[in-house]
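Need the complex rebuilt from these two chains, each delivered in its own frame; the hints are there to steer you.
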Amino acid sequence: QKEVEQDPGPLSVPEGAIVSLNCTYSNSAFQYFMWYRQYSRKGPELLMYTYSSGNKEDGRFTAQVDKSSKYISLFIRDSQPSDSATYLCAFFSGGYNKLIFGAGTRLAVHP
Amino acid sequence: ETGVTQTPRHLVMGMTNKKSLKCEQHLGHNAMYWYKQSAKKPLELMFVYNFKEQTENNSVPSRFSPECPNSSHLFLHLHTLQPEDSALYLCASSQEITGSYNEQFFGPGTRLTVL
Chain L
958 QKEVEQDPGP LSVPEGAIVS LNCTYSNSAF QYFMWYRQYS RKGPELLMYT YSSGNKEDGR
1018 FTAQVDKSSK YISLFIRDSQ PSDSATYLCA FFSGGYNKLI FGAGTRLAVH P
Chain U
65 ETGVTQTPRH LVMGMTNKKS LKCEQHLGHN AMYWYKQSAK KPLELMFVYN FKEQTENNSV
125 PSRFSPECPN SSHLFLHLHT LQPEDSALYL CASSQEITGS YNEQFFGPGT RLTVL
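Sequence lines, in order, name chains L and U. According to the numbering used here, the first sequence is numbered sequentially starting from 958. According to the numbering used here, the second sequence is numbered sequentially starting from 65.
Bound conformation, chain U alone (with noise of 0.2 Å):
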């Protein structure tokens, strides 16, 4: 495996279910991020991640929890979704966070439908 990727890469779950998303990335970064990609909105931040360390919550509800084992690895677990949260989900790495720009690099994203 290669770059950045996510399992599954789609997903249809019911509102009173639970399910969680993978990403893991090969490229040796120490930053990972979630984004959520909705129809003809920009990419919004959810969270970031840097040496496994939270660093920033975009004020994302509390039904979307992440978890980053290590540097290699990032899960975002989902319960109880709105059929508003169905959107594209991307995961990105980057080598690590400063003040200056680090490049991002996306996985391909998993397709999420709550019905």
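Just chain L, same shape as in the assembly (with noise of 0.2 Å):
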């Protein structure tokens, strides 16, 4: 089994519309559950992270961690062709400041 499972789309959606990305992991020493974004032809830019299980919102985005299940999401509200970018979670168990990435999801938003 995978330490960290991702859909890696693509998913296309409308503009305006509400996106669901998600992961699964297996390690329960997980501690930090990050977001990343990154558009093509850069590198990946901290999104969101987050400590416990529970919602946590910035704007459009919100980050939602369910440690009993293992599951980690994010929510893009009223989506914009700007947030068209491959999205990576990651966490953090302690030790040299080591993540374990997933593979991204690809998210195109048209207009």
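Heads up, none of these hints are tricks.
The calculated lysine-lysine pairs, modelled on DSS-like cross-linking and capped at a C-alpha distance of 25 Å, are:
1. 999(L) <-> 100(U)
2. 104(U) <-> 1027(L)
3. 1055(L) <-> 86(U)
4. 100(U) <-> 959(L)
5. 999(L) <-> 104(U)
6. 1055(L) <-> 1027(L)
7. 104(U) <-> 959(L)
8. 999(L) <-> 86(U)
9. 959(L) <-> 105(U)
10. 959(L) <-> 1027(L)
11. 1055(L) <-> 104(U)
12. 1024(L) <-> 1055(L)
13. 1027(L) <-> 105(U)
14. 86(U) <-> 116(U)
15. 82(U) <-> 100(U)
16. 959(L) <-> 1024(L)
17. 105(U) <-> 999(L)
Rather than coming from a laboratory, the hints here were simulated on the basis of the structure.
The following block contains the structure:
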């Protein structure tokens, strides 16, 4: 079983749609849960991170963590063409700041 | 320059060539990382440096040789590569490496093609 599972997509939605991106994980030791956004020809940039189960909201973005189910989600409300990118989930379990990444989901928001 | 910069942005090399990738961070961080990103695969951590000292080598083949002369610069020396080494090589930096999470800031990457 892979440590992190993430559907690679691509996911294509119309502008204004609500987008749901998800990852499952198997390692109970993961402490921090992150979402990175990577535009084409750019490096990943941190979008949001959470430490505990529950929801965290930042503008149009909501990160959700369910530790009991080992499942994290990123919701994007009122999606915009500028949200078109690859979204990577990432996990931290301590030690030398080592992050475990999902393979990324490619999202395309069309006008 | 701001953030994390990488040069060159694109590199094409033959299997017998020797080349180097360069990374520079302008954030005053003490830790630097090399990652490999292949299509539809998760980012793979290759090397970690903290205060110029290598703290992790994630079973990377010896044809990849890192060098960290100071906390701001990181190099990846390449020799005798294989076509399967073609990928996007990302550099990142963070304030430090401790038991708690330190945000990693990524550069734009070097797109490497091995012929």
